[in-house]
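J.: Residues per chain, in single letters:
There are 2 protein chains.
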Amino acid sequence: MDPTLENLKYDANGLIPAIVQDHATGQVLMMAWMNRQSLAKTVETGKTHFFSRSRNKLWLKGESSGHVQTVKSLSTDCDQDVILVKVEQVGAACHEGYQSCFFREFEAGKPDWNVVGERLFDPKKVYGK
Amino acid sequence: MDPTLENLKYDANGLIPAIVQDHATGQVLMMAWMNRQSLAKTVETGKTHFFSRSRNKLWLKGESSGHVQTVKSLSTDCDQDVILVKVEQVGAACHEGYQSCFFREFEAGKPDWNVVGERLFDPKKVYGK
Numbered sequence: 004m005d006p007t008l009e010n011l012k013y014d015a016n017g018l019i020p021a022i023v024q025d026h027a028t029g030q031v032l033m034m035a036w037m038n039r040q041s042l043a044k045t046v047e048t049g050k051t052h053f054f055s056r057s058r059n060k061l062w063l064k065g066e067s068s069g070h071v072q073t074v075k076s077l078s079t080d081c082d083q084d085v086i087l088v089k090v091e092q093v094g095a096a097c098h099e100g101y102q103s104c105f106f107r108e109f110e111a112g113k114p115d116w117n118v119v120g121e122r123l124f125d126p127k128k129v130y131g132k
Numbered sequence: 004m005d006p007t008l009e010n011l012k013y014d015a016n017g018l019i020p021a022i023v024q025d026h027a028t029g030q031v032l033m034m035a036w037m038n039r040q041s042l043a044k045t046v047e048t049g050k051t052h053f054f055s056r057s058r059n060k061l062w063l064k065g066e067s068s069g070h071v072q073t074v075k076s077l078s079t080d081c082d083q084d085v086i087l088v089k090v091e092q093v094g095a096a097c098h099e100g101y102q103s104c105f106f107r108e109f110e111a112g113k114p115d116w117n118v119v120g121e122r123l124f125d126p127k128k129v130y131g132k
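Top line first, the protein sequences correspond to chains A and B. Letter by letter, the first sequence follows residues 4 to 132 in the numbering used here. Letter by letter, the second sequence follows residues 4 to 132 in the numbering used here.
Keep in mind that a hint or two might mislead.
When chains are identical, the list treats them as one kind, so a pair holds in a single copy or across two.
Only pairs whose alpha carbons sit at most 27 Å apart, straight line, appear in this in silico DSSO-like list of lysine-lysine [unchecked claim]: (1) K60 with K75; (2) K12 with K60; (3) K75 with K127; (4) K128 with K60; (5) K44 with K113; (6) K60 with K50; (7) K44 with K75; (8) K50 with K75; (9) K113 with K50; (10) K113 with K75; (11) K60 with K113; (12) K113 with K12; (13) K127 with K12.
Everything labelled a hint here was simulated from the structure, so no lab data went into it.
Same shape as in the complex, but just chain A (with noise of 0.2 Å):
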């Protein structure tokens, strides 16, 4: 794994939040957790890995959706304990449908996120039930 990433920040269980941005439209599409493992999948296959902290397993994004992302950049920021990906996604990111995972606005005084953005697909149909 080349140095500059085996030395970022990672916290006490060994993970850095990572944001991924869609290169082109510059929509933030989500942020999910890489470990080194996950990170080193990352760079070697130009496809996002993270690591799940519910499933406590390295992840493919897309592996059950086909949804997958494809590399353009990798950044970090002045700190060294976040990283920025930026990608071209096939499909949408969000397992819910939507394109980013970002689709609930807030409003002052409401019960109740706006939902913002539109389903893009059936997660019933994707992910089955």
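Got chain A; can you put chain B on it based on the hints?
T.: This is chain B only, laid out in the frame that chain A set:
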């Protein structure tokens, strides 16, 4: 505090990652952490406030530099455990003088990150020594 914000999924330390994006250019400027209090302050004042894990205190972004961020919209993701804030940035976001904190880009095989983006101010002049 609006229940939609109260009920976000804060981590074991009461924190939630907040991605900050320039509302006009789409550039991702930084990622920092918020707790309920800093999020409430952000909504109340319309200026981003974060929680500093190293200093263990609330901070107004731009309190030293004047480089405040005016909130244009506030979103959350499908899991409601990350926030995306679109802002109008006064000056530059990064305390190292760059527009965005993500000014280091990866290139395989290189011993260091490539610095992309131009330094817009001299940190010594803005923050003192």
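J.: Look at each hint and say if it fits the structure.
T.: Each hint tested on the structure:
1. In the homo-oligomer, the alpha carbons of K60 and K75 lie at most 27 Å apart inside one protomer (24 Å), although the nearest pairing across protomers, at 36 Å, exceeds that limit.
2. Taking CA atoms no more than 27 Å apart as the test, K12 paired with K60 passes in both settings, with 20 Å inside one copy and 21 Å between copies.
3. Proximity of K75 to K127 under the C-alpha cut-off of 27 Å is found in neither arrangement, the shortest distances being 30 Å within a copy and 34 Å between copies.
4. In this assembly of identical chains, K128 and K60 lie within 27 Å of each other by CA distance solely inside one copy; the values are 24 Å within and 46 Å between copies.
5. Taking CA atoms no more than 27 Å apart as the test, K44 paired with K113 passes between copies only; the shortest distance there is 18 Å, against 42 Å inside one copy.
6. When the C-alpha separation of K60 and K50 is checked against a cutoff of 27 Å, the pair qualifies only within one copy, where the shortest distance is 16 Å, while the shortest distance between copies is 38 Å.
7. Proximity of K44 to K75 under the C-alpha cut-off of 27 Å is restricted to the intra-copy arrangement: shortest distance 15 Å within a copy versus 36 Å between copies.
8. Taking the closest pair of Cα atoms, K50 and K75 come within 27 Å of each other only inside a single copy of the chain (9 Å); across copies the shortest separation is 32 Å, beyond that limit.
9. With identical chains, the CA atoms of K113 and K50 are at most 27 Å apart between copies only, with a shortest distance of 20 Å across copies and 38 Å within one.
10. In this assembly of identical chains, the alpha carbons of K113 and K75 lie at most 27 Å apart only when taken from different copies (17 Å versus 38 Å within one copy).
11. In this assembly of identical chains, the alpha carbons of K60 and K113 never lie at most 27 Å apart, being 37 Å within a copy and 29 Å across copies at closest.
12. With identical chains, the CA atoms of K113 and K12 are at most 27 Å apart between copies only, with a shortest distance of 18 Å across copies and 38 Å within one.
13. For the homomeric pair K127 and K12, the shortest alpha-carbon distance between copies (25 Å) is at most 27 Å, but the shortest distance inside one copy (38 Å) is not.
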